[in-house]
Each structure stands twice: as C-alpha cells, then as structure tokens.
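Using the hints provided, position chains B and C with the ligands relative to the given structure of chain A.
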Amino acid sequence: MAYEAVIGLECHIQLKTRTKMFCGCEVEFGRPANWNTCPVCLGLPGALPRTNITAIAYALRLGLALGCDIRHESVFARKNYFYPDMPKNYQVTQYDLPLCEHGTLPVVVEGESRTFELMRIHCEEDAGKSFHPERVGDRRISRLEFNRAGTPLLELVTEPVLRTPAECAAFLTQLRKLVRALGISDGDMEKGQLRCDANVSLRPVGQSALGVKTEIKNLNSIKGVEKGVTAEIDRQRRELESGARIVQATLLYDADHDKLAIMRTKESAHDYRYFPEPDLPVLRVTDADLDAARAALPELPWVREARFVSQYGLPPYDAAVLGDSRELADYYEACARGGDAKLASNWIMTEVLRVRNDRGWPLEKWAEQVPAPRMRAFLDKVAAKELPGPVAKQVFAWMADEAGSVDELLALHGIQVQGSAEDLRPLVLQVLDENPGPVAQYLAGKTITIGYLTGAVMKKSGGQAVPQVVQQLLAEELARRG
Amino acid sequence: MSRAPNETWKLGAAALAARVRDGRVSVTDAVESGWVGPASMWEHDVNAVAHHDAEVRREAAAGASGQGPLAGVPVLVKDNLCTVEYPTTCASRILAGYRAPYDATVIRRLREAGAVIVGKGNMDEFAMGSSNEYSAYGPTRNPFDLSRVPGGSSGGPAAAVAYGLVPVALGSDTGGSVRQPASFCGVYGLKPTYGRLSRYGLVAFGSSLDQVGIFARHARDVAVTYAVLAGEDGYDATTRLGPAPDVSTFAAGVKGLRFGWPANLWAQGVDAAIVAALERSAIALERAGAVRVVLDFLPGTYGVAAYYLVATAEASSNLARFDGVRYGFRHEEAADVRAMYTRTRSEGFGPEVQRRILLGTYALSSGYYDAYYLKAQRARTRIRREFQSAFAQCDFMLLPAAPSLAFKVGEKTDDPLAMYLSDVFTIGANLAGIPGLTVPAGRTSENLPVGVQMLGPEDSEPNLLRAARALEVGGDVALLSTDEDPEFVWPTKR
Amino acid sequence: MSISREEVQRVAELARLEIAADAVDRVAAQLSGILDFVATLDALDLGDCEPTAFAPAAAPLRADVPDESRRLGPERATAAAPAAEEGYFLVPPIVENVNP
Ligand SMILES: [Mg+2]
Ligand SMILES: [Zn+2]
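Protein chains in written order, with my numbering: chain A, 1 to 482; chain B, 1001 to 1494; chain C, 2001 to 2100.
Okay, chain A solo, but in the shape it has when bound (with noise of 0.2 Å):
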C-alpha cells in the first residue's frame, strides 16, 4: 500500500529583545551562569511578570506579516509541569486565546510555489538550560542555569499541511528568511534561536483522516529536520508494512548518528493544567498598535524577490540569493537602482558573497568598507567598459582593504587601463597583420577564430583591454579587409 506522510510543524522563533519577557534581565549571549537572573526570571517566591512590549510588537509583526487574524484580547496562561529547567514549573505562555491565528506561509518548494496554512502564533518565555552527565563515570548530577529563563518566545504552529522533508525545509528557510527581514530574530538554528519540532504520521494515499502522530524533537538545523522527518516517515512506513500500529509517541532526533530514539509513548503524556495566568492582565492590542506594527512592516522577502525579478529582470535565482536578508537586499539594491542590475546581482552574488564567506565578514563589515556607492562606482566603470575583466576582478580585491576611488586605486598601484578603442586600434592592426592564417580563416567563414585573435590582442595589452571593446575593434577592421 502507498502512504503519504502529514506533517506539522511547531516553530518556536527566538526573539532579538533587549530584555526578557517578563522581567528587565538582558537577553545575552555567552554571559556566565545565572548572569542575567533576577526574582522573576529565577521564579522566586514572591515575584511577578510583567509583559515586555516589544516583544509583542514582534509579534504583531510577525503577525501582520504572515496575514494572521490577531486578536484584541489575548490571555496568557499557565502550562503546568514540573521541569528542573522551568523556574516555576509552570511556563507563562498563551493556550485557547492566542495573539495571532491562521495566516499563510507562501514558500517555493523545488520550484513550485506553495501557501502553507498556520493555525497560530503565540508568545511564551523560553526555558534555562540543564547539563547532564555525559559520560560513564562524570558525577551523577545535573547542572542548571536559567539566563535563557524567560527569554521571549514566539510558537507558530502549522496546519498539519506539509508532505515531504523537501517542504519542511523550505518552510524553514523562508520562515527563518522573513523573521530575519523582520528584524524581529536572528533566526539561528545553531544557535537555537530558531527551533523546531515536527509532528509526523502516515496515512494511506487517498484516505483522508490522519493517522497517529508522533513528535519528534530537537531537530536544530534545517538539514536535521530534513533528515529527522525523513527518517521517522521511513521508519513509521516500515511499522505498518509490517502490520505493526504506531503508537503516539515522542521522539529525539540525534543528527550526529541520524538516529531516532523514543523518549515517551502517550501513557505517560502530561497534564498541562492550563487556566489563565492571574497574575498578568489580558493583552489588549488597539488599531494604534496595529497599526504601528504595519508601519514597521518591511517589504516582505517574497514580495520583494518577485519585484526583483520583475523590476531588475533577474532570474528567480539571483532574486532568492539576493533576497536572503533584508540587508543583503537592500545593499544590492542601492548598487542596483538605476544602473546595470544583472552586472550588480552578478558582482554582488559572487564575489562580494565570495569575500563575506571567506573572510567571515557579516554584510554589515563589508558594507562598511565598501559602501553601496562606492561599490556603484565600481560597477559603473566596469558597465562602461573602463575596466577589463582582471583588473576589475584587481580593483574589487583592492576596495576590501583600501580606502580610495577606482582611479585613485588604479593610480596608487601604478596601473594604466587601455581601455578606449583609439590606444587599442593599433594593437588590434597589429595582431591581425602578425596572424594572417587564423584572418583568412575568418575571413573564409570560420569565425571562431575571432577567440583566438581577441586572445592575442589581449595578450599584447598585458591584459588590461577590455574584450568586448577588443572584439568589436577586431570585428570592424576584419570586416574592412573581407
């Protein structure tokens, strides 16, 4: 029998305040253990929360974004279960009355276009973290710290709407993608700022209620979701191959050994016990609110990879690339605008993508050294035509370290471009009358040959002609003598 797999996804979005959820500890990264706790966040006798409004700012955000309903009056609640890492154990999150309900992903899965339905998105506080004992022999005991205790969280769960591995990961990606645009977090897997748990079960093709799901968790990385769905569905199918029945259950993904190994089966599920948490009054969010969010909204990444491609003429590829990041995005379009857009996407695409990577350089280092205009002066001169190829490819490596115009550069380093067609023509006259076999060749029909005179001439200008002038300059004077 065929199966289909259904799959959720429950995204918890890490988001990039200065303080905590419900209290004014930093949200910091690499601090010592318990560097950012106060009574609040420590979950001390005694204290109380209090709602940090950017945070629900992002969410509006995110919200408005992705065409959610969001509700006026929103409640937070209490998920009761007991957890070392859960100061109160409890968790302050929201339960039947969620900031934000339904709303669309839309997401190009291996070319495709494909709307992906949400059921919500809600606000909660994120956990401290627990050390373990590793090893046979390490000391039996567990290790707490809570400076993560209350960062603000946003939990966006999907419809169970998604096929294939191939999906989830663009799912990711494009969520990871907008969140960025947003400003709203850095979006990082590694660094679990983006975290992922999914929802799997099989059904056979055609039928349409759903099977028994299992939960798999701690899927950090978009290829770790890839390859942990893809395991759980080869791993169900083979169950009910068998004839065996799934049983609900939930599961760890181990990305190092691409391993799965089940942690709880339903018998001993939990018992939340939610009630709304009396302790915080209800989120009101007004028209104002709203509205300020809007105002805050970027263009969003898939409006403007389609303007890109639509505006600039590009290839939906370049306009993905380009589209990664909202600053990306701008910096190419500031080089773009106006100017030779597929020579900006090119350069920008490879070379200053090259140069980020190997160096390690963040967009914001590289566009401190060579600033969108002085990076369009650049491209400017090579769209003249005043730069030949290497030397351009010369002049870019120069910018990333030194200060300077392109001819200040070309002057400081003692470099003359022959670039005009006049200081060429004589060089181009020459190369002909030295190669009269490959000129007869042409001149019978076999034009390829125009390669290896441009070559020639090239050669013969220490490699600062621009082809393209060179070939036109060849292609004229071999025209006179046919």
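One or more of the hints may lead you astray.
What the hints assert, rightly or not - Pairwise CB distance ranges (calculated):
(1) C:Ala2063 to A:Leu97: 18 to 26 Å
(2) C:Glu2006 to A:Val136: 36 to 44 Å
(3) C:Glu2006 to A:Asp138: 34 to 42 Å
(4) C:Ala2083 to B:Gly1138: 27 to 35 Å
(5) C:Ala2020 to A:Arg284: 42 to 50 Å
(6) C:Ala2083 to A:Pro316: 31 to 39 Å
(7) A:Pro298 to B:Ser1366: 40 to 48 Å
(8) A:Pro298 to B:Val1084: 57 to 65 Å
(9) C:Glu2006 to A:Arg284: 27 to 35 Å
(10) B:Thr1444 to C:Ala2063: 51 to 59 Å
(11) B:Tyr1369 to A:Asp138: 40 to 48 Å
Hints in this document: simulated from the structure, not taken from any laboratory. In this text, a Cβ means the ideal position worked out from N, Cα and C, and glycines have one as well.
The following block gives chains B and C with the ligands in isolation, referenced to the frame of chain A:
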C-alpha cells in the same frame, strides 16, 4: 504632656511617629519599646513572632531617617512578605532558613515612610488556615485567652498588635486572613481593594484573591499605613493605575453615609455576642449621622465553594516552584530529580497545604477545568454583581467578620470543611475584589474581643475608615478612648 | 462526587506529592467531601456570567529597557540553593531528558 519613655510602647503609630519626628522619642527607643517593656513578657506565651534579630533591628533603627509618616514606627510583617534582613519562610519547612534577595514593594514603602521592620509574624503555613495552628513554628495563641486561637492565617501579626509588641503589622488576606484574626484579637484589620497594594514580594497563595492587609489598634493608624502603601507598582501588573483613594478624610464623620444591614445574613449560626455587637455598632453609626438601609443580601455558601476552587487551583500552581532546586529545603537522598521533587515536597509541606495542592491540582486537571475552576470564576462574577446591587443601595455594609469568637486551640483542626465554612463572611470581599475592614466592637463578659466587619465597593476605603473612626470615637466600644493618643488597653492574661 | 484511590494517586503524581499507602483512603474521603460541598456551584445559573478578571483594563506593558536594579548574578542567584557550584544549581540527575 510627655510620657515616661517606658510608656512609649503603648502609643499608636501616628502618635509615635509624631514624637519621633519632633525628637521627643529616638527611633531606637521607639523601635525597642515593644521588646523591652511589659509587652515583651507576652511573646513567650503567644508565639506571634516567627523571626526576629535584635542586632538587625537595632542596626535598622540606627539607619532609619526618623522622618516620614511612619517615622520610627516598629512594624511586624507576616512571614510571607519577602525581606532581605529576615528569613521568609511562610512558616513552612519547605522554606526553612530561606532568605529572599529582595524586599517586597510594601516593605520598601514602609521603610521609605520611616518605619523599621522588627521581624516576621507567625502564620498558618503558606497562609492556608484560619487558626494559626498550621505553622512550622507552632501555633500562635490568642493574647486575650491563651487557650484560644488568634485566628488566621495572619494570626501572628494580629496577636502582636493586640498585645502591644508593635502598633502596626502587615498580614495578607486571601479569604479573610486579616479580617478574621483582627476580630479574634480585638484590633483593626483592613483588606484593601484588589490591586491597590502591590503583591510584589508577597509569596503567592491565590493570586487573584491575595491582598496585603494592615493591622493596627487605631483607625488613624490604618489610614496612615494605607496611604503609605497604596498605589501602582511597576513590578505588579495587577496593581490599579492612578492614585489610590485619599483616606486622609478618615475623621470626617459619617453624616449622610448609608450603611447596609443585611438582616438575614446572620440569622443562623452567628454567635450572639457578635449579633449584639453588630446591633450596638449600627446604633452608634446612626447616632453619628449614618443611615441604616436594610438589605436583602444573602450570598450563600456557594461563595465558599467558589473560593476554595479558585484559591486551591491557583495555589497548586503557585506552590509548584517549591521543589528543592533553587532555594529552601531539599530531600537529600533521592537518586534522580523526579524523586527529589516528590520527597522534598512531601516532607516540606504540611498536611493542610498538601490537601489544598491536591484539591487544586484535581480541579485543574484535564476534564475538570470547566466544571471547577472556570465555573468558580464565573460564580465570582455573580457574587460581584450581588455586591454591586447591594452597594447601589448603600455606601458600605455591616456584617460579622466570622460566625464565632476566637475558638479553642485544636477545636477545628480535624474537620477541614468546618474550618473552611467559618470564612463565609470574609471570602466575598476577596472573590469580588472589594475592600473589607474589621473594627473592634467590645468584649464579651469573658473578656474575649468581638469584631465587626464592614465591606464597601471598590476603592471605598475612605468611607470604611470614616465609619471605623466614627465607631472608635462614638461607638459602644468603651475600651478605646477618644483622645488623640488613645491608651492601649491591656489584654487580660488568663 | 467520590474520588477513587487511583485518581488520588494520579493527582498526587501530577503535584509531585507522595501519599502514604495507608493515607490514600483518608485523603480520598476528605477530597470527596470537599468536592461534594463544591458541587453546590452546579445548582447556580451562571448563564450570563463571564469569568471574573481583576487586573486593570488598560495595563501598560513594560518598556524593553534593562533593569539592572533587580539583577542577581550567579552568587546571589545561587546563595539560597541546597547545592550549587560555580554559579550553577546542582540537582540529582535529570532522567527524563525531554523537556515537554
Ligand atoms: Mg510552547
Ligand atoms: Zn529576570
């Protein structure tokens, strides 16, 4: 007319602060007065104090400004209010020795007003009780009759004010825990409007019901302390916004105020001495110019049911944090963290607390939320409406604080339900979020204090205090004098 | 309404409390008694009564500004801990390694 220094302990808070401010009494003498004079003889028998430290007290006195509305006034606070200087244990083994690293907002405000915290008052464990018998430090006794309870759960602070250790004390009132012990101990006890006093630093029991409350021996002192404490707090999102009502009018009299007389409310089951005290108080209010309005007001016992569901459900969640990980007691021999939780909590919490956690956990557990917690929250709305329609006819109502006088130690500990039902007159205010004030109303022939309670709509503290003051000066309350520095009246030791 | 022994055990487990075997019946009886009493709520007509909420209607949210005055740091955070080391809280091993 100066007093001998050794009489300082008898002064009310406002009177004492006035003397400290103008230099007639030093802060140290003011603070030490209760600990060195005749009052100090009582503590051994009464057991009102859970934690104190003479050195800390003297240092705090030495560091106090001697200025402010409560200049030099010694204050005992219930052991569920966080203080840096003293342990905060909620009279529970699970918090044995715990020291909070921060002060509750009300504690900070007391200090800013010149007061000196002298220690922590005994209480029922986690404020769960009506007799102060459920304490890790042993029961508190009623200073008027050591064989009787002082009421609870703020029994320690109530008794300490009654026997003269301090002129003012703070308690907390979730279902009557200030007003009922005030009536048992013959002192004033105010539960303010929900949200008027910050709960930041008050160890939570039932978050939507809890309020910090004030004990004092004079209406004026309640008013002064309320004025110091009330108001919005950025650390408590449930505090009401804007300025608190102005209680400086407490001496303005009651002419023209209408007081409700819910005639059928205590027809059954209320001690005759209390009914008589209510009648005397009503007559005194009428003599002072207030108008009696007979009310048909009968909230019934469903309020008690709603109260016990809401309070225990919230408590089951609030008390989950006591797990032996970050503070307090830990059972040391568990092999894994889950066993550590269970052992720690089973050994750390007393039986009444465990009973309520179980009840609350049950009420919230899957399948029961709608039937219990949600229904109880809806019943609160109905109770609120009943109060609202009553207060459409009157400015406040007069009623018992408890159906009985102080009962004997051990009398009710075996029957939790009977203990719960004795809160029938006080829980309405917590469920509806309205203020309530217990006023002393004389003594029985056996010298047991009798109190009466007044309830008003939200933010009616000024009217409640006007009425309290009117009864203080004109009531049939011969034990209290009427001059500016009313004399303390000694409870008779039996 | 009577609560069974099993239900008492289930609730105790949820609450991380341990009830001695010989006390389960007594606790079940006490809880059942209280629940019988609580059943008086069932007789009420609460048709138009929304659940009560007391927090202020328009509570301002907290500005996203660090509050250094309340920060504890490792030493004060762990000062009251039964076991701590180098700023970490120590607990017996956490066996259930899935945080729900
Ligand atoms: Mg969640
Ligand atoms: Zn904090």
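Structure-inconsistent hints, enumerated in ascending order: 6, 8, 9
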